[in-house]
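> What follows is each chain in one-letter form.
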Amino acid sequence: MEIELRHIHKYFGPVHANDDITLTIPSGSIQGLLGENGAGKSTLMKILSGYLRPDAGEIRINGSPIEMHSPADAIRFGIGMLHQDPMDFPPMRVLDNFMVGYPEGLLLPREEARQALLDLSAQFGFSLDPDAYVESLTVGERQQLEIVRLLWLGAQVLIFDEPTTGISAQQKEKLFAALHRLADEGKTIIFVTHKLEEVELLCDQVAVLRAGKLVGEARPPYDLDALVEMMFGKVVTKGARVSAPLGKPVLQIKNLAVESHRLRIEGVNLEVREGEVIGLAGMEGSGQRQLLRACAGLIRPVEGEIWVDGHNLTGKSYHDFMRHGVAYVPAARLEEGLVPNLTLLEHMILADEQRGLIIDRQAALQLTKERIETFNIRGRPHSPIESLSGGNQQRALLALLRPGLRLLLMEHPTRGLDMESAIWVWQTLKRRCREERTAIFFMSSDLEEILHYSDRILVFFSGQVSEPIPATETDIEHLGQLIGGRGFNTPEEATP
Amino acid sequence: MKPRWENLAFATAAVFVALAFTSLVLVTAGASPFEAYWYMLKGSLGSWAKISDVLVAWVPLLLATAGLLITFAAGLWNIGVEGQIVLGGIFTTWVLRLLQDSTLSPAFILILAITAGALGGALWAALAGLLKVFGGVNEIFGGLGLDFVAVALTLWLIFGPWKRPGIGSMSGTEPFPPQLWLPTLPGSRLSLWSLLIGVVSIAIVYFLLSGTYFGLKLKAVGKNPRAAYLLGIPTTRYLMMAFVLSGLFAGLAGAVQVTAVYHRLIPAISSGYGWLGLMVSMLINFQPAWAAPVTFFFAALNIGSIQLPIVLKLDSSLSGVLQGALVLSFLLMGGVRQRWLKKHQQEASDE
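Heads up: the protein sequence lines correspond to chains A and B, in order.
If you want the working numbering, it's the 1-based position in the first sequence plus 2.
If you want the working numbering, it's the 1-based position in the second sequence plus 13.
Note that these hints are calculated values from the structure, not bench results.
Ideal Cβ positions, reconstructed from N, Cα and C, are used throughout, including at glycine.
Treat the hints with care, as some may be off.
Unchecked claim - Listing some non-contacts, in silico: residues in chain A with all C-beta distances to chain B over 12 angstroms:
1) 54
2) 118
3) 312
4) 448
Claimed, not checked - Sample of chain A residues lacking proximity to chain B, with all beta carbon distances greater than 10 angstroms (derived):
5) 141
6) 256
7) 326
8) 338
9) 343
10) 348
As the list claims (entries may be wrong) - Taking lysine-lysine and the DSSO-like style, the derived pairs with C-alpha atoms no more than 30 angstroms apart in a straight line are:
11) 256/A - 215/A
12) 318/A - 371/A
13) 318/A - 236/B
14) 356/B - 236/B
15) 371/A - 63/B
16) 371/A - 250/A
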């Protein structure tokens, strides 16, 4: 089936997530969709698969416009989507999952379904046990289950959203073989990714999105430099870089290994000095967060050691790290950083040092008013924290940090802020580096931010970590290529 | 201010809905609602004797509610409160039995016994807390299980080791000698000492939750444990402290029931005040400032409805109907209010 997206627009509040996207996807081919986080790839695909409705524009199948109101509608038109996190029911058996979404009838044709499941799996070389529980499956197997399920429901168009995250090399090979086979059978495959190497290996053509717009299309042989430039745009500079003079080491990471359910990072060695800023670059979910969390005692490393100011804090809790002057600022503001239903004032009281047992409301109010002024927060002391806008919540989060920190660990310090506020935030952070000798260790998906404010940069790719790169010796293009996985082909390099 | 008027309007509407529902029940039962309400009022506030009876019921209910407000602040559903009251009763009885023949002064024995009751409740709550914090057992399930264990324990004690000379009976253990009763006002069942315990307890809880670092941290843990942890609050310790404190007040309720009301251990020593306390907490939206008046009102309903079977041949469970209807209609109005606010805000932002 040939899919045509015509002038698709989608807004989320003030954000123009899809801006006039027009794209034709021929049948029997593998279409790549490339872009960094937040470029609008997932939004576009959710529109195509019926999860979201476009604010304007139309979708055509084989030339005729269609109207969809739900994913069930989409599958009736033959469009199915595999989400980045499998949308299945872990406590149920494989066969039951396979049959979920079966459109009609009161009685389920279990035997027929079982046969179909086995046949389809055999065709693609998958080995799925119909009676196994889904929670016992690997991410790759759950993906395979989703593929055969959608095929059984009659999908002619299959959308894969970042399918290679968290699956093994063999499973990836099997997946790519299956994709080629499906395309040969005349099915339309859409492959959403941020990995250049996968585009090179798999896609018959690729479309690149940036900031909600379709910025270019390409066919093989691919010019990777051109693709990187399309993905990340031209470099805009923000004036002179400032660096604080470096002092003695604050944080020492020795041969660290951290594991989470999806990936393992290992062999990280790093020394961060007073006043230094280290930026962690990479696609979301490449391991930056794990490393940051390990340095705060929020994740226990499986190997290696973490020293703060000459104290071995390996395996200690976050509160022990706090006592040594470490602070962690999470990206999920209302989930992890702030307490909904408590006021700004109450947050300030909680973050400030405790004096006695009884709260001095007057003093706290005074302090809160000062902080509101200094941090330019649009809100009152008695405003519930969740009533502030995202940007003001971010400022509040920064206002909660105590003075005199040794090490500040931050996820996305300026996410959701406009340019001006972002520059202001970094001014205050840099002042901490200069005047209080604080070291900052931060992750961001904004390459410019990383390049501009870091002294050194670590690049992450699927759990692999580059050697620290001095920010003065690299540029956006180079970082973009590293993030896309070029130069990471020899994983032995990471562990000397 | 405008929101205050809105709150009042919705509260009034809730009371109206509850009264309408209860009246409907009464009419269906063939009784006159107004007559029933009148007798309930007379039966609870009609004389000094009645009022003192209400106060006797008020104290344990207030204590249970005070404890529950602490666990609710920490985001916990302490369903185990009933069992904690029972354990308070058991521990108090235990100490009284041990010391009743000793030469210690009665006042000292009473102090020891009431302290033991508080500790008994705290212990039972700590069990629910340990199950939750270290065993991963939801406090609702753990608490409910412990409630049943507590009741079984009471029955075993009354019919086993602590049975009356001769044969055990549902009327409880052998009553204690009058010098081990909390002194009551002449001609009434009301003890000023228990009244004092109740009033001081709710004052402590109010102050704890509104004016101290402990209370604020507890609230932070209850509303967002992950953020609280990142703010440096030791979350598990605070959850355990919430359980222990809550159990302490529930245990006091049990101690008061034994020393001031029944003067022995009876099978239904908790009188359901734990459940009623949960209802009150929901009704007052977990605001300590409202605990005293609303528990008094609920106690009055309980006492007032004792009249009903005698005068109107209605069952005294009518107070339960009215209490339940009140809680439900308040929660319902809370939901309606939220929707109404949302719609209002949307319209405001559309302009």
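> Is the nearest Cβ of chain B still more than 10 angstroms from the Cβ of residue 338/A?
violated, 5 angstroms
> Checking the smallest CB distance to chain B, is residue 141/A really beyond 10 angstroms?
holds, 25 angstroms
> Looking at residue 118/A again, its CB stays over 12 angstroms from all of chain B?
holds, 39 angstroms
> Would you check the hint for residue 318/A and residue 236/B, treating anything up to 30 angstroms between C-alpha atoms as holding?
holds, 25 angstroms
> For the pair we were handed, residue 356/B and residue 236/B, check the Cα-Cα distance against 30 angstroms.
holds, 25 angstroms
> For the pair we were handed, residue 318/A and residue 371/A, check the Cα-Cα distance against 30 angstroms.
violated, 35 angstroms
> With the threshold set at 30 angstroms, check whether the alpha-carbon distance from residue 371/A to residue 250/A stays at or below it.
With Cα atoms ~35 angstroms apart, residue 371/A and residue 250/A exceed 30 angstroms; violated.
> Far enough from chain B: is every CB of that chain over 12 angstroms from the CB of residue 448/A?
holds, 23 angstroms
> At 12 angstroms, judged by beta carbons, does residue 312/A keep clear of chain B as stated?
The claim stands: residue 312/A keeps its Cβ more than 12 angstroms from every Cβ of chain B (closest is about 22 angstroms).
> Taking 30 angstroms as the top limit, are the C-alpha atoms of residue 371/A and residue 63/B close enough?
Roughly 52 angstroms separates the two Cα atoms, so the pair is violated.
> Residue 256/A and residue 215/A were given as a pair; does the straight-line alpha-carbon distance stay at or below 30 angstroms?
Measuring from Cα to Cα gives roughly 43 angstroms; hence the hint is violated.
> With 12 angstroms as the threshold, tell me whether residue 54/A passes as away from chain B on beta-carbon distances.
holds, 20 angstroms
Violated hints for the displayed structure, listed by number in ascending order: 8, 9, 10, 11, 12, 15, 16.
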